[in-house]
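Sequence lines, in order, name chains A and B. If you read the first sequence in this note's numbering, its first letter stands for residue 267, the second for the next number, and so on. If you read the second sequence in this note's numbering, its first letter stands for residue 7, the second for the next number, and so on.
No lab work stands behind these hints: they were computed from the structure. Misleading hints may appear alongside valid ones.
[Stated by the list, open to error] Listed next, with one range per pair, are the computed distances between beta-carbon atoms:
| id | chain 1 | residue 1 | chain 2 | residue 2 | range |
| --- | --- | --- | --- | --- | --- |
| 1 | B | Glu-23 | A | Thr-346 | 46 to 54 Å |
| 2 | B | Lys-69 | A | Arg-321 | 29 to 37 Å |
| 3 | B | Ala-59 | A | Leu-380 | 44 to 52 Å |
| 4 | A | Gly-294 | B | Gly-99 | 19 to 27 Å |
| 5 | B | Pro-46 | A | Asn-337 | 28 to 36 Å |
| 6 | A | Ser-365 | B | Gly-22 | 33 to 41 Å |
| 7 | A | Thr-280 | B | Lys-85 | 40 to 48 Å |
| 8 | B | Glu-15 | A | Gly-350 | 16 to 24 Å |
| 9 | B | Lys-65 | A | Thr-273 | 26 to 34 Å |
| 10 | A | Asn-337 | B | Gly-60 | 36 to 44 Å |
A quick note: this is a predicted structure, and the numbers were derived from the prediction, not measured. We put the CB at the ideal spot given by N, CA and C, even for glycine.
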Amino acid sequence: KAGVTQTPRYLIKTRGQQVTLSCSPISGHRSVSWYQQTPGQGLQFLFEYFSETQRNKGNFPGRFSGRQFSNSRSEMNVSTLELGDSALYLCASSSTGGSQETQYFGPGTRLLVL
Amino acid sequence: EDQVTQSPEALRLQEGESSSLNCSYTVSGLRGLFWYRQDPGKGPEFLFTLYSAGEEKEKERLKATLTKKESFLHITAPKPEDSATYLCAVQAGGSRLTFGEGTQLTVNP
Chain A
267 KAGVTQTPRY LIKTRGQQVT LSCSPISGHR SVSWYQQTPG QGLQFLFEYF SETQRNKGNF
327 PGRFSGRQFS NSRSEMNVST LELGDSALYL CASSSTGGSQ ETQYFGPGTR LLVL
Chain B
7 EDQVTQSPEA LRLQEGESSS LNCSYTVSGL RGLFWYRQDP GKGPEFLFTL YSAGEEKEKE
67 RLKATLTKKE SFLHITAPKP EDSATYLCAV QAGGSRLTFG EGTQLTVNP
């Protein structure tokens with residue numbers, strides 16, 4: 267079974283621009299969660315989508331948004347980029363996103379904001 | 007607020023030198039504790055899930071244990087290929103995982 271895929275793998279943007287990242291979950295998985303990983307803050311939860319609905323949200327500003335499509339693929343968008351948004355963005359999928367379910371991570375998208 | 011603290015931050019071992027990594031947590035209503043391994047430039051790779059105090063799981067040279075306040079990842083006779091950052095995460099409800107900062111393990115040949 268193919269794993270979680272993320273595109274693009276690397277991005278360079280400048281301050282003020284916006285960016286869209288894509289995540290395709292493991293086949294049959296309907297829950298997709300997004301995390302931001304930085305050296306100073308570690309892995310932090312952004313949000314989770316299930317059946318095209320945002321079900322859970324972390325403590326990030328409204329510039330961070332996402333959506334999920336009917337095929338469970340998900341996108342996240344960051345508007346008005348700031349230098350501090352430079353990070354590895356990871357998505358993880360699980361069957362239903364229920365408690366105790368294992369989440370499987372993709373390889374991540376490395377975003378550099380200049 | 008859920009909190010996870012991992013120690014040590016970094017650990018250097020000689021090949022064959024066994025050791026343990028610690029994950030202390032504060033969470034209201036633990037549903038699961040997860041261990042992941044992360045290699046540089048890659049996403050976290052799932053290792054174990056522990057659900058209740060007293061539970062243990064093993065995989066090759068790794069063994070994870072869980073108490074009511076902490077989890078240990080024991081590494082027996084490590085090899086250089088075990089070098090990675092090991093991440094611990096807790097889940098209290100829903101899908102949200104709260105991660106620790108990780109332990110960077112280096113195993114020298």
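*Where does the structure disagree with the numbered hints, that is, which hint numbers, in rising order?*
Nothing - there is no hint that the structure violates, so all of them hold.
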